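Which chain is which? The protein sequence lines are A and B, in order.
Residues 783 to 1083 in this note's numbering are what the first sequence lists, from first letter to last.
Residues 159 to 572 in this note's numbering are what the second sequence lists, from first letter to last.
No wet-lab data here; the hints were simulated from the structure.
It should be emphasised that the depicted structure is a prediction, and the values quoted were computed from it without experimental measurement.
Take the hints with a grain of salt, since some may be wrong.
[To be verified] Restraint-style ranges between C-beta atoms, simulated for each label pair:
1. A:1022 / B:346: 57 to 63 Å
2. B:500 / A:1009: 50 to 56 Å
3. B:333 / A:785: 39 to 45 Å
4. B:159 / A:997: 50 to 56 Å
[To be verified] Computed footprint of chain A on chain B, listed as stretches where at least three residues anywhere in the stretch have a Cβ under 8 Å from a Cβ of chain A:
5. 386 to 400
6. 437 to 448
[What the hints assert, rightly or not] Facing chain A, from chain B, some residues (calculated, C-beta under 7 Å):
7. 233
8. 258
9. 307
The beta carbon of each residue, even a glycine, is placed where N, CA and C say it ideally should be.
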Amino acid sequence: MPDYNLSHLDQLEAEAIYVLRETAAQFRKPALLFSGGKDSILMAHLARKAFWPAKVPFPLVHIDTGHNFPETITYRDEYVANLGAELVVGLVQDSIDSGRVVEEKGINASRNKLQTVTLLDTIEANQYDACLGGGRRDEEKARAKERFFSHRDEFGQWDPKNQRPELWNLFNGRKHEGEHFRVFPLSNFTEMDVWLYIQREGIPLPSLYFSHEREVFLRGGSLLAVTDFVTVQPGEAVEKKVVRFRTIGDATCTGAVESAAGTLDAIIDEVAAARQTERGTRSDDKRSETAMEDRKREGYF
Amino acid sequence: MDILRFTTAGSVDDGKSTLIGRLLYDSKSIFEDQMAAMEESSKRRGDAVVNLALLTDGLKAEREQGITIDVAYRYFATPKRKFIIADTPGHIQYTRNMVTGASTANLAIILVDARKGVIEQTKRHSFIADLLRIQHVVVAVNKMDLVGYDEAVYNRIVEDYKAFASRLDNLIDITAIPISALNGDNVVDKSNAMPWYQGPSLLYHLETVYVGGEHNHVDARFPVQWVIRPLSNEWHDFRGYAGRVAGGVFKPGDDVTVLPSGFTTKVREIHTAEGLLEETFAPQSVTMTLATEIDISRGDMIVKANNPPAVTQEIEAMVCWFSQTPMAARGKYILRHTTRETQAVIRDVRYMVDINTLHKVEGVSSLAMNDIGRLALRTAVPLIHDSYRRNRITGSFILIHPGTNETVGAGMIL
Ligand SMILES: Nc1nc2c(ncn2[C@@H]2O[C@H](COP(=O)(O)OP(=O)(O)O)[C@@H](O)[C@H]2O)c(=O)[nH]1
């Protein structure tokens, strides 16, 4: 008998496609959360495969803090146009203008936390009952217990003590009115798997992921980019450095790493040798040891 | 490179967290910032040395209570394999967590404290591994350093274990390894402290154990997940059935039956976004087209015509109860099986298993949380199934409470 064994990337792909199809089948109105970061790009790529030759049967939703690197938005618009999918944008600025949230003050002010309100409002306004996210279990310890189908109560909250057990490949997406689910098709990918898969599939990425020269300064252990959204304080030295980003999020809290990796091959070598988890470059997780868990409880991505 | 999914079981303080911490640490899967956070936590708790166990203690509530309360997944890779660990706690009350972790595992590591030997918990964990049909078991005899790395102690434990395991019917491959998770003996590298031990280190075993036989490649099963109809000009008449192969091999031209309708036809093409395939097998996700147009929807199953599964409304199954609310005698639940959801009524509890003694307890009418028993169920529509023994995918189901929507039970069809 031939050896019917799939490589690890093929297994992860088959699993993610299965989860995406389950989401389409079990929910009335799913949406795919698209940040323009590599994980959501990979997820959209898998969604195209899952429903091909038909179109992806749900919209891509971008929760926009307004504090973006311009490259992210350019990439997003091109990507969505290519995919032929619908794009829905939830603006954090709208939440601020309508008084739903108050902008943080002080030098470490970030809109990252405010996103949660905009996200939940967008979900409610559009009546999405399942939001696909690119979260992976290897990212952070609070995520290690996350399910593929993660139940949220009517306030969008996650209760880590009261999650539904998930057995075999049987996902329980039943819910009451007003509740919704977060679904994570990439749960079993590690950062390395994501890069290897992107390389194998030849998926184009935003230029921010590759090394380039940029003005940066050191704050709280992270190398932040000089943008219109941060105020460099006296005593913070701005320098030109050759850097790249390992995650792409809000420009006010996504740190760069010094790197000369300009190609996928070089990035993969770098990831293989890396001694810092990718979230280690995000200052929002450093606020307290359980920062991620606290935000997740409130309904963060 | 392929994937090995394994679960770990042991009672409290057998060294499970230390072992996992050690595997991650020695395979360089702990990052600097995680290490720093761990040192910080250790210091705050007043631990003398950095506690590798903290790495696997996920959530705040647990950290406060100092116990693990749920299933967590960990990842590491070596040049040979990617590993997914379902880390489940060893407390008596958490049978359900081990069942959950075991449901997707190819291998179970069962920890035994060398000073205590085979205890009730060891038997309980082995019973669950067996029930869930995990094909490979590693008995890791830990804390060998505390018994002077004594060969006689190890041999006695292995003999005890084998004597007990002979009463289980499925554990086909049992490998015993003497280790010290704390010192790293025989975890990644062979230890000099136990020259009498001729076998492989734990990691070497994990890297090389054969897992190719995990899926059934004999009985062709394709549960339909989603119907793809592009309705575009280019794909005007395309009607594809999307799903994940649950068993066997399908090729274009194969004679197939669609269940439950019983219509027969042939496989026309097997599509993926990359192009057509000449064959497909578990666990691939593909889209099939058929030679004739028949009405097929989610929950139907495409199977090879000469080798059909059972299609019945009466089911006998081993069920583990998950909910704090005990099973209602003659209760009605929602049953999810492959891509199909239906109602089920509990007709009878044939017996309950005392998982400490493996004895059957008859005359019970309900199951409480963490109980395992054999049930007779009747479903509202027929289930298209195989026995769990033959196929883990078409032989498993979950029970859902119709009021709370909670997953309350997990079943393995006999
Ligand atoms: N001497 C010795 N102690 C060990 C060994 N493995 C674990 N321990 C200790 O046993 C205690 C319990 O270990 P832990 O990993 O937290 O156990 P768990 O409850 O199974 O996760 C800790 O104090 C460990 O340092 C070992 O191989 N030798």
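Going down the list of hints, with the structure as the test:
Range check, residue 1022 (chain A) to residue 346 (chain B): Cβ separation about 43 Å, and the 57 to 63 Å hint is violated. Between residue 500 (chain B) and residue 1009 (chain A) the beta carbons are some 55 Å apart, a value that agrees with the proposed interval 50 to 56 Å. The given range of 39 to 45 Å is broken by residue 333 (chain B) and residue 785 (chain A), whose C-beta atoms sit roughly 23 Å from each other. The beta-carbon spacing between residue 159 (chain B) and residue 997 (chain A), approximately 40 Å, falls outside the hinted interval of 50 to 56 Å.
Coverage of the segment 386 to 400 of chain B by chain A holds in this model, with 10 residues showing a Cβ closer than 8 Å to a Cβ of that chain against a need of three. Residues of the segment 437 to 448 of chain B with a Cβ under 8 Å from some Cβ of chain A number 6, which satisfies the need for three, so the listed coverage holds. The beta carbon of residue 233 (chain B) is positioned within 7 Å of a beta carbon in chain A (closest approach about 5 Å), and the interface hint is therefore held. Annotation: interface hint on residue 258 (chain B) holds; nearest CB of chain A at approximately 5 Å, less than 7 Å.
The beta carbon of residue 307 (chain B) is not positioned within 7 Å of any beta carbon in chain A (closest approach about 33 Å), and the interface hint is therefore violated.
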